[in-house]
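A.B. asks: Residues per chain, in single letters:
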Amino acid sequence: MNYSQYLRQALDNLLSAKLRTFLAMLGILVGTASVVALVSSGQSATEKALQQFKALGTNLFAVSFYQSESSGNSAGSSEEDKISLEQVYKLKAQIKGIKGVSPYISLYRPINFLGHNVNGNIIGVTETLQRTIRINLMSGRFISFLDRYSYFCVIGNKIYQDLQKLGVQDPIGKQIHLGENMFTIVGVAEKWQENSFFNQDVNGSILIPLQASYILSKNASIQNIVLRVDPKTDIPELQDQINAFVERNVPGNKTFYRSAKEVINTMKEQNQIFTLLLGFIGGISLLVGGIGVMNVMLVSVAERRREIGIRMAIGARRNDIRMMFLFESIVLSLLGGVVGVVAGIVISNMVAFFAGWGVGIFIFPVILGFFVAAATGIFFGYYPAYRASQLDPIETLRYE
Amino acid sequence: MIELKGITRTYMIGGTSQTILHGIDLKVEDGEFLGIIGPSGSGKSTLMNIIGLLDRPTTGQYFLQDEDVAQLDDDRRSIIRNQFIGFVFQMFFLLPRLTALENVMLPLSYRGVPEAKAKEMSMQMLERVEMAYRADHKPSALSGGQQQRVAIARALVGDPKVILADEPTGALDSKTSQDVMNLFMKLQQEEKKTVVLITHDMKIADQCKRHIEVQDGRLVQETSVGDQPNR
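Residue numbers (my numbering), protein chains in the order written: chain A, 3 to 402; chain B, 436 to 666.
Check each hint, because a few of them may be wrong.
[As the list claims (entries may be wrong)] Simulated pairs of lysine-lysine, DSS-like, Cα-Cα distance not exceeding 30 Å:
hint : chain 1 : residue 1 : chain 2 : residue 2
1    : A       : 270       : A       : 50
2    : B       : 554       : A       : 20
3    : A       : 50        : A       : 160
4    : A       : 20        : B       : 573
5    : B       : 552       : B       : 610
6    : B       : 462       : B       : 621
Derived by calculation from the structure, the hints in this document are not laboratory data. From a predicted model like this one, the values you see are computed outputs, not experimental measurements.
Hey, can you work out the whole structure from these sequences and the hints?
C.D. replies: This is the structure we're talking about:
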């Protein structure tokens with residue numbers, strides 16, 4: 003017999019026991035659907051998580067500075083260990099591959115508006131930050147290169163909402179107390195999307211010119227820089243160059259880096275493990291489905307002993323008998339697999355839809371679904387098929 | 436030609452061995468119509484299974500067309516069964532899910548005959564046994580005699596040298612039995628087949644040209660046509 007004959011024979015036999023075929027198929031269907039749905043959902047979640055990095059561009063690179071212990075305690079750090087704005091610009095000029103620098107200073111000062119306390123942080127920034135971490139303005143303007151030591155500030159969206167509650171409709175031009183000093187509001191930011199390269203929350207912050215930070219606090223120093231780098235830059239080499247620069251100019255500092263590439267790779271790795279875990283959980287239900295197939299096939303072999311004997315008597319080889327049953331379990335599993343893959347896609351898209359992830363079909367889980375369904379059919383169908391092929395024709399043909 | 440030399444068959448049952456056949460010597464010429472009679476438990480079915488290559492003798496030699504086939508492997512024996520031997524069983528043993536035509540086609544499909552050709556050959560064989568008009572019926576829709584005719588067609592469709600019939604009329608009434616026997620004898624003469632027929636019915640056995648009797652695993656009597664068996 004050839005394979006198309008085995009296939010047709012398998013279909014005939016499966017159709018003759020419809021309910022049993024359907025139930026066995028259902029097990030495979032549920033198993034395949036859960037593998038496909040879980041793995042697809044894992045992939046949608048990954049895509050969603052990576053989306054914000056892709057939106058920001060993968061060319062961001064964050065550097066943080068920490069004063070090492072040898073150069074005195076943090077409260078009274080010496081002036082020569084502080085990185086100045088000039089040094090930041092020098093860094094940009096000296097190292098090829100750095101396209102933009104956005105240093106910033108975080109400050110904590112009481113904020114007061116017309117006698118009301120407002121909760122928030124103060125961040126000293128330069129004009130380049132707006133583009134680098136994408137701060138969109140609702141009204142007014144951003145901190146400018148010309149502001150330097152001026153008492154101008156841009157308020158985050160949450161601060162704006164707090165001011166609204168105090169009855170301020172248009173905060174532009176209003177004055178706000180930051181510590182001892184009065185700052186004039188020149189811009190209002192829209193709601194800002196969090197960004198892991200900038201370790202402050204812009205929404206709850208008041209942004210002032212970087213130089214003005216030094217007026218608010220004697221201890222103010224640049225501790226973070228967001229760099230925009232050429233996408234072709236070799237990150238470890240860049241880190242070495244920055245380390246050398248720091249060693250030469252501000253030796254009392256240690257550096258800590260975060261690059262978009264690294265973060266994305268780490269996230270991808272984590273999500274792979276996560277997806278693998280989900281696939282494994284789905285695999286358990288497929289295992290149960292496979293055991294169902296095996297059970298059904300064993301019952302089928304027992305019921306069809308007579309048929310096996312007749313077929314052997316008229317010339318079926320053991321391999322013909324084995325193939326007959328193996329094809330049945332494979333066809334059963336593949337049918338369950340096809341419907342299961344479709345069901346899995348539908349389920350994962352429903353999950354993605356309600357979770358607000360991107361809706362779509364991933365190729366990998368679909369291929370995986372078919373593959374594991376077929377493998378289940380072969381694996382769990384082989385033993386019953388083997389048992390059938392080893393029956394003794396005399397035993398099976400004995401009159402009962 | 437079938438030739439058995441010193442065939443024995445011993446089964447192991449629950450740790451004790453039981454010998455069913457004690458040294459059978461038998462020769463069946465091409466085109467012969469041989470009846471094997473004997474009470475149940477005499478070993479005639481075991482003998483039949485050995486001749487039909489469904490069972491292996493414990494000792495002894497079995498020549499089929501001058502080839503010793505006693506200890507061939509399973510696949511080789513399947514092929515010989517498919518090409519040289521046609522079985523007819525007491526309970527017909529048609530596959531219940533297949534139609535009469537599909538049942539007849541089965542030995543050809545295991546031989547690798549293309550489907551269209553197999554269909555044509557099977558249809559011709561159904562005509563020979565006067566069952567063509569029931570080709571599309573399942574066995575459950577056929578009477579016992581009709582089922583046995585289909586089974587005979589299945590046994591003959593592959594043009595085997597030997598037909599082995601195990602109580603082919605055992606499940607049929609006497610009128611139908613005679614019809615089936617007549618069909619057997621007609622085909623045997625037309626096709627020059629060797630037929631070995633097992634029966635316990637002397638009326639059937641008497642229609643064979645020669646019959647032998649098996650008792651307790653031994654051949655006890657050989658009667659040729661024309662002789663009057665002692666009864």
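A.B. asks: Against each hint, give a clear statement of whether it holds in the structure.
C.D. replies: Hints and how they fare:
1. 270(A) <-> 50(A): holds, 11 Å
2. 554(B) <-> 20(A): Distance ~27 Å between residue 554(B) and residue 20(A) Cα, so the pair holds.
3. 50(A) <-> 160(A): Holds - the C-alpha atoms of residue 160(A) and residue 50(A) are around 25 Å apart, at most 30 Å.
4. 20(A) <-> 573(B): Holds. Residue 20(A) to residue 573(B) sits at ~18 Å (cutoff 30 Å).
5. 552(B) <-> 610(B): With a Cα-Cα distance of about 35 Å, the restraint between residue 552(B) and residue 610(B) is violated, given a limit of 30 Å.
6. 462(B) <-> 621(B): holds, 23 Å
In summary, the structure is inconsistent with hint 5 from the numbered list given earlier, while agreeing with all the others.
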